[in-house]
Amino acid sequence: MRAVILLSGGLDSTTTAAIAKNEGFDSLYALTVDYGQRHQFELAAAMRVGKAWGVVRHEFLKVDLSQFGGSALTDANIAVPHGRSAEAMGQDIPVTYVPARNTVMLSLALAYAETVGAADIFLGVNHVDYSGYPDCRPAFLDAFERLANLATRAGVEGVLKMKIHAPLLEMSKAEIVRTGMKLGVDYSLTHTCYDPTPDGKSCGVCDACQLRREGFREAGWEDPIAYASR
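The sequence shown begins at 1 in this note's numbering and counts up by one.
Think of the hints as simulated: they come from the structure by calculation, not from any bench. Glycine included, each C-beta is placed from N, C-alpha and C at the ideal position. Where hints are given, some of them may not hold.
[To be verified] Keeping only pairs whose Cα atoms sit at most 30 Å apart, straight-line, the calculated DSS-like set for lysine-lysine is:
| hint | residue 1 | residue 2 |
| --- | --- | --- |
| 1 | 182 | 51 |
| 2 | 62 | 201 |
| 3 | 201 | 51 |
| 4 | 182 | 163 |
| 5 | 161 | 21 |
| 6 | 62 | 182 |
[Claimed, not checked] Just the calculated beta-carbon pair ranges, DEER-fashion:
| hint | residue 1 | residue 2 | range |
| --- | --- | --- | --- |
| 7 | 228 | 76 | 14 to 22 Å |
| 8 | 156 | 87 | 40 to 48 Å |
| 9 | 2 | 62 | 40 to 48 Å |
| 10 | 175 | 52 | 29 to 37 Å |
| 11 | 104 | 57 | 16 to 24 Å |
| 12 | 76 | 2 | 34 to 42 Å |
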């Protein structure tokens, strides 16, 4: 079976690739988007992960959302938050939200899927994120799936019934790590940090690093990547 996966090179999307493979999607078509993020380390990680999981085809597209600004991930003038508490992370939409990023990426994945004849699109959003990011919520995913079947020739003609898969949606970070370890994921290949050092070490204190580290701690596994701050 064929599926398109949005592959960022992070913990979540890598685990999602493993789940898709385990569910019988043996022909994975990976899509990695260079959206103008402040560093390129996650793109290199995506390439490593794609090779490790033997994707049939891996497309890298550049869609420079940094031209619009509005996010700490694309605008060097906006500081990436460090050392926030779990309570703070769960409140307002954070400055690391990139306007419309998942909408743009899913649209590109939809075009890719229709082109290669894949009805299934996988992405690694989960409930730890959707408390803050509006485009990681179940309501958004349901709405996009309806759009996918209305806005494509394959959907309208009934050639493909488009399906958006978010297998991590109800998982905690610890559950994601445990699932990945059971499926043989090599997390040393991945990159999660929002604000890495110039040599690529994860900062250890941004929201993404803190959630990842806590997930590994709760799961009882040692995180194999290097951190600048322990």
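### Message
Within 40 to 48 Å: is that where the Cβ-Cβ distance between residue 2 and residue 62 falls?
### Response
24 Å, violated
### Query
Is residue 62 close enough to residue 182, meaning Cα to Cα at most 30 Å?
33 Å, violated
### Task
Assess, step by step, whether the Cα of residue 201 is no farther than 30 Å from the Cα of residue 51, and give holds or violated.
Holds: residue 201 and residue 51 sit about 22 Å apart, inside 30 Å.
### Query
Are the Cα atoms of residue 62 and residue 201 separated by 30 Å or less?
The given pair, whose Cα atoms are some 24 Å apart, holds under the 30 Å limit.
### Message
What's the verdict on residue 182 and residue 51, does the C-alpha distance respect the 30 Å limit or exceed it?
### Response
19 Å, holds
### Query
Within a Cα-Cα threshold of 30 Å, do residue 161 and residue 21 meet the stated pairing?
It holds: about 20 Å lies between the C-alpha atoms, which stays within 30 Å.
### Message
Please check whether residue 228 and residue 76 have a Cβ separation lying inside 14 to 22 Å.
### Response
Cβ of residue 228 to Cβ of residue 76: about 18 Å, so the range 14 to 22 Å holds.
### Supplied distance hint 16 to 24 Å, evaluated on CB atoms of residue 104 and residue 57
With Cβ atoms ~20 Å apart, the hint holds.
### Query
Could one say that the CB atoms of residue 175 and residue 52 fall in the range 29 to 37 Å?
Distance hint for residue 175, residue 52 is violated at roughly 22 Å.
### Query
Given the hint that residue 182 pairs with residue 163, does the C-alpha gap stay at or below 30 Å?
The hint holds at about 25 Å.
### Query
Falls inside 40 to 48 Å, the C-beta gap from residue 156 to residue 87?
46 Å, holds
### Query
Should the hint that residue 76 and residue 2 are 34 to 42 Å apart at their CB atoms be regarded as holding?
39 Å Cβ-Cβ, so the 34 to 42 Å window holds.
Hint compliance for this structure: hints 6, 9, 10 are broken, all remaining hints hold.
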